[in-house]
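There are 2 protein chains.
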Amino acid sequence: MKRYRQSAILDLVSREAICSQDALGRQLRARGFHATQATISRDIKELQLVKRASDGAYERPGTSEGGRGLADAALRRAILEYLRRVDLVQQLLVLRTDPGQAQPLALAIDRAELPEVVGTVAGDDTILVITRHARAGREVTRLFEGWAMDDRAHPRQAF
Amino acid sequence: MKRYRQSAILDLVSREAICSQDALGRQLRARGFHATQATISRDIKELQLVKRASDGAYERPGTSEGGRGLADAALRRAILEYLRRVDLVQQLLVLRTDPGQAQPLALAIDRAELPEVVGTVAGDDTILVITRHARAGREVTRLFEGWAMDDRAHPRQAF
DNA sequence: GGTAACGTTTCATAAATATTCAAACAGACG
DNA sequence: CGTCTGTTTGAATATTTATGAAACGTTACC
Chain H
1 MKRYRQSAIL
11 DLVSREAICS
21 QDALGRQLRA
31 RGFHATQATI
41 SRDIKELQLV
51 KRASDGAYER
61 PGTSEGGRGL
71 ADAALRRAIL
81 EYLRRVDLVQ
91 QLLVLRTDPG
101 QAQPLALAID
111 RAELPEVVGT
121 VAGDDTILVI
131 TRHARAGREV
141 TRLFEGWAMD
151 DRAHPRQAF
Chain C
1 MKRYRQSAIL
11 DLVSREAICS
21 QDALGRQLRA
31 RGFHATQATI
41 SRDIKELQLV
51 KRASDGAYER
61 PGTSEGGRGL
71 ADAALRRAIL
81 EYLRRVDLVQ
91 QLLVLRTDPG
101 QAQPLALAID
111 RAELPEVVGT
121 VAGDDTILVI
131 TRHARAGREV
141 TRLFEGWAMD
151 DRAHPRQAF
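Residue numbers (my numbering), protein chains in the order written: chain H, 1 to 159; chain C, 1 to 159.
If you are wondering where the hints come from, they were derived from the structure by calculation, not from laboratory data. Some hints could be false.
DSS-like, lysine-lysine: derived pairs with alpha carbons at most 30 Å apart [claimed, not checked]:
| no. | chain 1 | residue 1 | chain 2 | residue 2 |
| --- | --- | --- | --- | --- |
| 1 | H | K45 | C | K45 |
| 2 | C | K2 | C | K45 |
| 3 | H | K45 | H | K2 |
| 4 | C | K51 | C | K2 |
| 5 | C | K51 | H | K45 |
| 6 | C | K51 | H | K2 |
Take the sequences, apply the hints, and build the full model.
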């Protein structure tokens, strides 16, 4: 019984957004399975499902987009907020922040997962960003500097 | 305030398994943020975090891979355990680990005293390994990747 | 047959999370 | 300055989820 029910659960959550175990229970009943909320709670744990906070729906891990655009926006904000100076040495980008701010900025860079960026190493006020090659480094430098400039300049200005 | 708190939340959940909003609240308090469970609930929704049913921990989507800290061991053992990704750029090797695991892995690499390796710099989840030249870099890359592959072949299940 | 061992389910309840609503706060504008 | 307007927050509360304990069903064994 359990097997069938659990595979029905997987099927259901992949088809539509189901936001509570009660809702899941009702759907299951419609398919001929009768199970209480307690049972469903255990099924969900065994299936290693995940509950999205944004809308409360259950899903299998890795199924979701991950909010690419959001991470980008966050990076932009972080750069505006934290970045003080940029230096490029070949494919290595050295970023300076105010003391203690390197970690959050590096985190934002990591999360954005820019294709040119291989990785970052952050200390207290310095971040080393490794890009694939010097050209990629120049691109990222230009990108970051542009965003940092937005702060100082006025938003209306055409570039 | 919200901005800072939310980025602290992302940082916290990426570092360790936090299974309840109360726990998150306590961690935040330790970092100087005071927020009630209600506020944290909203933050989590805005950050689009996800709660794993298997252990109840929060994570950002796509990060599915259980991270935990274990005792130190030989380099091979450490690589199996910690290494997630390898990138080679000329003579520079960029290793990625799960959050917070870079230090132990870098330590293991240092201790192994590989002849091709000049030195390492480790951040939170990234290690920069400097080898003598590109050829040495390729060799080390191949070595590490081979060991990391062993992991994929015999994956450890969480729980 | 009896009964021990095990896995599964339910019930009752504890724990965790989301939401409602009102108050505090922050800018923009007169 | 005060008054809008919109955002953020906490307290109280409603909703949702997890769990301990008992009960059920099955299998295996004597």
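Going through the earlier hints one by one, which of them does the structure break, listed in rising order?
Hint check: nothing fails, all pass.
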